[in-house]
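Novice: Residue-level listing of the chains:
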Amino acid sequence: MEDDYKFAASTFFAKNHPGETCGSNGLPLTPSSITILGRSQRLLQIEHPNLCTYLDIIRGKHERIIVVAEVIGKALAEYTTKFSYEEIINIATQVACGMKLLHDGNIIHRTLSDDNILLDSNGRVKLFHYGMYYMTNEGKEVPFPLGLPRYFSPEAIIGGGGPSADVWAFGIIILELCIGKLWNNLKPSPTMRRILTLVHSNNPAERIAREHYALDAYKEIPENIRGIIEKCLKIYPSERATFKDLHSELSSMNTRTPSEIKPVRGLMGCKLQYLYHWWQLAGGDIQAELKKSGLIKNSPPILSMPIAILLDGPTIGGKTGALFDRRIAKYSLDLLKNRLSHIPPSDFYPLMHERRRDYEAMALPKIIRERDTEYQFYRLLWFQRLLHGYPYTAQCIRSEAEIDIPPLVRGDVWAALLGVLGDIETHYERIDKETPTHTDRQIDVDIPRCHQYCWLLCGAEGHKKLKRLLKAWLLTNPQYVYWQGLDSLTAPFLYLNFCNEARAFACLTAFVPKFLHKFFLKDNSAVIKEYLAKFWQMAAFHEPQLATHLHDINFVPELFAIPWFLTMFSHVFPLHKIVHLWDALLVEGPSLPLFMGAAILRQLRDTLLDSGFNECILLFSDLPEIDIGECVKESIDMCRSTPKSLSYRRFTNEPEIKDPMVRYAYITYLNTFICKIIIYRDMVEIPMEILLNEVCPRISLSDFFSLICQDKCCVIDIRSNLLYEKSCIEGSINIPYSGVHLGQHELKSLGPQPYKVLVEAVKMNKIIVVASAEDGTAQLVRDKVFDFIKILYKGSPSRFI
Amino acid sequence: MTATELENTTKTFKFSFPTCTNEDLLFKLEVPVEIPYPGSTRELVQRILKMFHIPVYLEDDLNEKLADFVSEETKNFHHNRDAALIDQLKNNELDLEGIIKNWEKQFKNVVDFAEQKGSSDEEVFAAAYHKLVHSPALETILQVESAYAKTVMDMIQNRDEDIKKLTKRQTEEMEEKIRLLNTSTTEEEINTLAAKHFEAQSLATGRWDSQLDALKHTQRAEHRAWLMNAINEYQTEEKITPSNSPLCSYASLPPAPSAPAALLEESFTIHLGSQLKQTHNIRLVCADMLDLCARDRADGGVSLSLYSSELSGAVLVCEARPSRSPLTSLPRVTDHHFPDLHDQLRRIEEAVAEPAEARNRSRSERESRRRALRAGDVFVTRHSDLAQHVVFHLVADEDELRSAELSSRHRALLGLREVLLAAHRNDVSSVALPLLLRRELGEDATAAWCLRRAELVLKCVKGFVLEASAAGGARLTTLTAAVPKDARALFPALAALLPAVFRVAGPLRPRLPSGPV
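Chains as they are written, first to last, in the UniProt record's numbering: chain A, 1 to 801; chain B, 1 to 517.
Treat the hints loosely; a few may be bogus.
Computed from the model, here is a short list of chain B residues facing chain A with C-beta under 7 Å [unchecked claim]:
id	residue
1	Lys90
2	Asn91
3	Gln106
4	Ala114
For the record, the hints were derived by calculation from the structure and aren't laboratory data.
The structure presented is a predicted model; accordingly, all values stated were derived computationally and were not measured.
We treat Cβ as the ideally placed atom computed from N, Cα and C, and that holds for glycine.
When you get a sec, could you build the whole thing from the sequences and use the hints?
Specialist: Here it is as structure tokens:
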């Protein structure tokens, strides 16, 4: 059944650049296939009832491009019966409608022919693969000519041809529908010669008919259709009608009202892009079908080996360019239908207030879930629904995104998580992205080095868009400057919103104040310093042993972690990892990156513990593979188990939490209370310098109380026993500072009671809080106790504050 | 197609609006706009508004006017250009023949209009062979091939023995004569004898060579016929093993070639790339490049992957004359798939003469042999009877390579780059290359020199591999860096260098050298 085919693929090779050429910037030229890939992204966005939606552009090995697009019915060329004039008008109207949209978008078709106009049994017409000329940059990126000679307009043959060339082709097609195939079985050059001789004629249409001995048939064509044909087949393009005129004229002639097609329900009612995505997940293989139908031929490479390569000279022998095959391979969705056949119809329309369902796949790692057909089916439908309700569903989206985000709608979900709203297009439009500024030079240097393994970002189109985004951001944020790394930071947003610069920009604009507040100040040293110090404290809190080691070898975060945080890891990891990292980031909030850093250290823990300073430098200069799934999981665990006040930063955009209860508690307890250490947030501002030089973080009073109430901490009171006896926290142990011998490494030397409590605390994995009246002394004791514990329990030391 | 190159003109967009005090006095605005305009006109409007401080209430008006202006001018642009072309055509001012010829040539690249051509013999055989070696027939094929090989090797051995005998006899005879010099023989007689000996030698060699050639020829034909027959049977009857092997018995197969002498080698897994990391394997071996190519290191794998897209190749440094390729010194059995090495080399020599001359002229080099290859050029041979499918011959000047310092822009290294790029383009996924760019160390190479050279080559290779992988194609999965046998003592130092140049992933897996170091 022809109607079973939902999409089709065609394939071709892009042009090969001659070996040694370099671009003006001294970098190797972008491969043609990359250029095509970049240009064709725009086509993927076009949706129109008379145009087949492009679904995918795939770049294969050796410059191969595979284009996947929707299909319906079959091509006009495949219909053997003649159409009635009524049918012809119907077809022409719809073609003109599709062409009008293309021309409005400045897309020239150029390859319009009877084999890419598809017609189904309902009389619907769609143009297939109309973007060939556009995506190949007017045919410049491919080694073969585009289109079929018999639809060439005279000016197109001799090297011209704008949009009006399509009008000519349109005229020829209608003429063919009326009087039969033209110049049938004629080779390209004689066909073109005949077309060129038409320029001397006053009425090319009539002359063509006469040449084909079809003048009678031509005269029989109803006046109005003949009028249309003649308006199209004018020699001078300026005299030809435009599709706008043609469409309105044809519409008025069209007696057929487009038959109402009942909206399909169930699987086939889903968005075609989703269907294609699921089909691929279910094991659909575009290349396999192309191979089967002989469109991808694999000649053994050894047979086409070059015989010599001359330096600064040609390559001799080797591959001859493969021929361009215009055929297409069609695909049905049977595979997917079978895969999802057991799903009840009601599941296609999930209700928002239904209780959330648990799927089997939920327990699997994210990467596997992203490849699970059925899971993605449910998730996508669900997210589609939620996104539809945005911004009213923002809360819902956030809680769903906490589980995972379907890759297909990640761009939308991120925008929702960042609260992107309103008329972002107009806003973006108003920003001047063209006028040169003094940062342009630096941007031009950085962009060709930014995530260039990504095929979208490494092409001219990607470079242009990235530059516009960066310039727009700098212009709207005059308080900030361009720090290297901003390019990497922008890349994920561009990658996800390649054809929606405005949204990429809106996302970036929302992202920076939330996660990188003040990072891009001209003098950002204080901000970075605080961030790194916090990171170091968090690392010390969760990985005390590692932190002590790094501290001992003097390996400080300034040496490696600045790009981590300045770019939120986007400079360090490839895009497919960044997206997972940021999925978590956007949901969890701005303190998560600190713990991500700690989680990375944790993954490298064993190596780091065995490494000296130089090895560490080497290790971080080129970070080894990091398991991102693991890193995300660990960092979220760490983040949630860490008292909030520990990761508090002064340079943040988060609203200050004013908690009167805390102040009250502080004041009441101050006189009788043991410790001065733990409060910096609630009352006393401790100078930055002191704070930043500490290995261990400080805790706020309220967090401290909540820890005590939950029995999650063990308090060591190091004041003199006099003060201790006066008043103390219940359950705390007293190890007077003066009683600690510095050279002593036995925990037992602290006395039997403290020893017992501490060992117990370590076993329970309690947080150990050292309370003292003075700074500095607490630090010493902390280090000391930590030493003991390190000796006693290698591998699982407890956490310190 | 010069007309399409005539892109882009600039038109002036004019806009006027009343000044604030006088309705009749108009404020005039003129902006040059590139046609066709590549960007968005709405964005241009915003820039104009900002730059000229135009009141915002004119925004919508301006948007509309500018959009209309651009679309109108674009249309005119196309129409004017096309009208000019058509007028030229009408007045016969165009090179019509040239244009049509050009189209005709171009349409040869489209299946519908190209000349129909079937698969070549080579392709048919390749497909058949590939299918059979991936069927249960593999073992039979390997047995047959090794039996063929044995016959050839036997004959080569016979030849060598025969010639040795002849040489010995001649030496004795000559010594006898020389002993009697001035007593019973004259110098003239000795000269005649020498000439006679020489003639006998070349006669014997010639005889053997033609015998060998004949044998190879027969074997090749037989092998082909048998295989094509086998594939037919295989396809029609789905037989598991092909029968009617041309050799009635392969019971008396030669024992499997003895395992190659234990090599000093060490493997590393490296990750290259700044964000997205690609995994490659690097193997450091201490072996002669020719030994790495030699047949006795080959196994079924070579046949299995011969027509696959995972080929293996080796880089051989050699001099400019293809016929003097070091490969010719290897004893060789029948190549059932590709032309004989000498034929390949001869063809290369013929094919490169002209392009090389053109290139040399463009470099304006005044050297005696103007049709010859130069340092940095590469020629390629294909083999099914060696351990490598492809051998890249890198032309280099031995003396220069001996010199102390090469720059990274030296021709030998640029040639190496071409090799890696070509490997990449042609699905050669594993490449063996000489780490020091020399086959043997010789006296003059100090340890420091070797390490410096190795570091340079490795760093260049790292860059080339990164460059190649950006171009898209086959991935170079395995790189083998070979150091000459006489550099054994340096091996540990070189092995330590590798992880320093490439960041090594995972723990090192040192393989204990089996021989004395």
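Novice: For each hint given before, does the structure comply? Return the numbers of the non-compliant ones in rising order.
Specialist: Violated hint (a single one): 2; every other hint is consistent with the structure.
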